[in-house]
Amino acid sequence: EDQVTQSPEALRLQEGESSSLNCSYTVSGLRGLFWYRQDPGKGPEFLFTLYSAGEEKEKERLKATLTKKESFLHITAPKPEDSATYLCAVASGGSYIPTFGRGTSLIVHP
Amino acid sequence: SQTIHQWPATLVQPVGSPLSLECTVEGTSNPNLYWYRQAAGRGLQLLFYSVGIGQISSEVPQNLSASRPQDRQFILSSKKLLLSDSGFYLCAWSEWGRTTGELFFGEGSRLTVL
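Residue numbers (the numbering used here), protein chains in the order written: chain S, 56 to 165; chain C, 145 to 258.
Mixed in with the good hints there might be a few duds.
Stated by the list, open to error - Restricting the straight-line Cα-Cα distance to at most 30 Å, the calculated cross-link-like pairs of lysine-lysine (BS3-like) are:
| id | chain 1 | residue 1 | chain 2 | residue 2 |
| --- | --- | --- | --- | --- |
| 1 | S | Lys112 | S | Lys134 |
| 2 | S | Lys114 | S | Lys124 |
| 3 | S | Lys97 | C | Lys224 |
| 4 | S | Lys97 | C | Lys223 |
| 5 | S | Lys134 | S | Lys114 |
These are computed hints drawn from the structure, not numbers from a lab.
Just so we're clear, the structure is a prediction, and the values are computed from it rather than from any experiment.
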C-alpha cells in the first residue's frame, strides 16, 4: 500500500523567508509524484509531476525536487499569496490513481 | 478549454436523508472521473472512480454510491446519510488513457450532516 507523509503539518513564514516542504513516500514502483496547491474552500490545483529521482520542476517561486524516498517543495522568497495548503501525492505500480498525503498548511505573513 | 462543474457548493442535511451531488466536465471526451472526500485533519480519500459510462470502481465500502449516466457526468448518492458522511466532497477528472495521475478538481461540495 502506498504511503505518503508530509511535514511539517503547518508552516508560518515571513514574506521573503525561503523554506522547504517535505514529502516522504513508500511505493512499489513509482509512476509519478505530484504536487498540488489547495486554497481554503477550493479544490486542489495541480502544480507539478515528477517521474524519476533527480528530476526538478519550477514554477515562479516554487521548485520541486525528487529523490528515491522523498520530494521537496522549495519556496523561494514567498509572498502572502503563496499561503495555501500544499498536497503531495504518488501513483505507483499498475495504478495511475494518486494517493494523497495530508498536506502542509503554509501561511506567509507580510 | 476543459472545465469541471460541481454542485451544490454547500448543503446541510439531517441524518437519514438522501444525498445527490453532481459533477459535469466540459471540453473533453471520455474522461476518467473521480469522487474524493476530504475530512478535517485527514487527507483526500478516494471514494469512487470511473473509466467509462456505467463503469464504477469503489474504493471504500460505505453507504455511498456513484453513477455515471453520461460520458461527462458523475453523480454521488446516498439513500440515508450518517453523521460520519460530513466532509468536503471533490469531483475530479483526468484525461482518458493518460496514466500520469494529473487530476483536475472541481470547486467542491461541503456537506454537513446534523
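Here's how the hints hold up against the structure:
1. About 19 Å separates the Cα atoms of S/Lys112 and S/Lys134, which keeps this hinted pair within 30 Å; it holds.
2. Of the supplied pair hints, the one linking S/Lys114 and S/Lys124 holds, its CA atoms being roughly 22 Å apart against a limit of 30 Å.
3. In summary, the hint linking S/Lys97 to C/Lys224 is supported, as the alpha carbons are separated by about 26 Å, within the 30 Å threshold.
4. For the hint pairing S/Lys97 with C/Lys223, the CA-to-CA distance comes to about 26 Å; that is within 30 Å, so the pair holds.
5. Distance hint between S/Lys134 and S/Lys114 is fulfilled; the C-alpha atoms sit about 14 Å from each other, no more than 30 Å.
Comparing the model with each numbered hint stated earlier shows that all of them hold.
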